Amino acid sequence: AQSVTQLGSHVSVSEGALVLLRCNYSSSVPPYLFWYVQYPNQGLQLLLKYTSAATLVKGINGFEAEFKKSETSFHLTKPSAHMSDAAEYFCAVSLYNQGGKLIFGQGTELSVKP
Amino acid sequence: DAGVIQSPRHEVTEMGQEVTLRCKPISGHNSLFWYRQTMMRGLELLIYFNNNVPIDDSGMPEDRFSAKMPNASFSTLKIQPSEPRDSAVYFCASSKGSGGAIGQYFGPGTRLTVL
Chain A
1 AQSVTQLGSH VSVSEGALVL LRCNYSSSVP PYLFWYVQYP NQGLQLLLKY TSAATLVKGI
61 NGFEAEFKKS ETSFHLTKPS AHMSDAAEYF CAVSLYNQGG KLIFGQGTEL SVKP
Chain B
1 DAGVIQSPRH EVTEMGQEVT LRCKPISGHN SLFWYRQTMM RGLELLIYFN NNVPIDDSGM
61 PEDRFSAKMP NASFSTLKIQ PSEPRDSAVY FCASSKGSGG AIGQYFGPGT RLTVL
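Residue numbers (the working numbering), protein chains in the order written: chain A, 1 to 114; chain B, 1 to 115.
Simulated from the structure, these hints should not be mistaken for laboratory data. Bear in mind that the values here come from a model prediction, so they are computed numbers and not experimental data. Please note that a few of the clues may not be correct.
Here are the simulated lysine-lysine pairs, DSS-like style, with alpha carbons at most 25 Å apart [what the hints assert, rightly or not]:
no.	chain 1	residue 1	chain 2	residue 2
1	A	Lys-49	B	Lys-78
2	B	Lys-96	A	Lys-58
3	A	Lys-49	A	Lys-68
4	B	Lys-24	A	Lys-49
Label pairs and their calculated CB-CB ranges [what the hints assert, rightly or not]:
no.	chain 1	residue 1	chain 2	residue 2	range
5	B	Met-39	A	Gln-45	38 to 44 Å
6	A	Pro-40	B	Arg-85	21 to 27 Å
7	B	Leu-115	A	Pro-30	46 to 52 Å
8	B	Ser-27	A	Gly-8	34 to 40 Å
9	B	Val-53	A	Pro-40	30 to 36 Å
10	B	Met-40	A	Gln-45	20 to 26 Å
11	B	Asn-51	A	Glu-71	33 to 39 Å
12	A	Ser-52	B	Ser-66	36 to 42 Å
13	A	Leu-7	B	Thr-20	36 to 42 Å
14	A	Asn-61	B	Arg-9	22 to 28 Å
Derived list of chain B stretches under chain A, where covered just means 3 residues or more per stretch with a C-beta under 8 Å from a C-beta of chain A [as the list claims (entries may be wrong)]:
no.	stretch
15	16 to 26
16	76 to 86
17	103 to 109
Note that beta-carbon positions come from the ideal geometry of N, C-alpha and C, so glycine has one too.
Take the sequences, apply the hints, and build the full model.
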């Protein structure tokens, strides 16, 4: 069965610093991978997705993620954090032919210090 | 384009009352998902539909919860009777196709408080 693990329930960075949010997955077949962002009191918004094309995926708001099969990882990065990036981030995995069902990680709360 | 629409946005009710949450998926999407989010348990999938048919309801906590999708543009999640432990934010999400490559699009959620 597939699963997702996000390392670190809370990450704090300074404004302008690199953002790195870690996600590892477990799947017996190549998965589809997603990152979602949730701002306070809002729903989840799709940030980016990997669907077996390019391994480096660019998303909205300057975020990108790299699929590394050998490490079963899909870490999310942004070169320079902005105060507006403070939110909760969820990594998720789905498999082909499961009706779009997603397995979510536990979430990582990102804080950005001025 | 309109996203996923949920109503009401906030609901406050008393224990024992019936609660009905509503969702309108994105037009053309054929999969619909209901989630519950709490601080303690995080994001939980309750049930999902594909082409209006319930596919997996293993996440529904108990018989007090029921969900329907009478047509492609409308779904309800009902709790009867409601209990304080049902207090949470309930999200509806929709997706297109069955391949899983599209991802899900979430509504703004319904914040339910059961007193």
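request  = Starting from the hint list further up, note which numbers the structure goes against and sort them upward.
outcome  = Result: hints 1, 5, 15 and 16 break, sorted rising.
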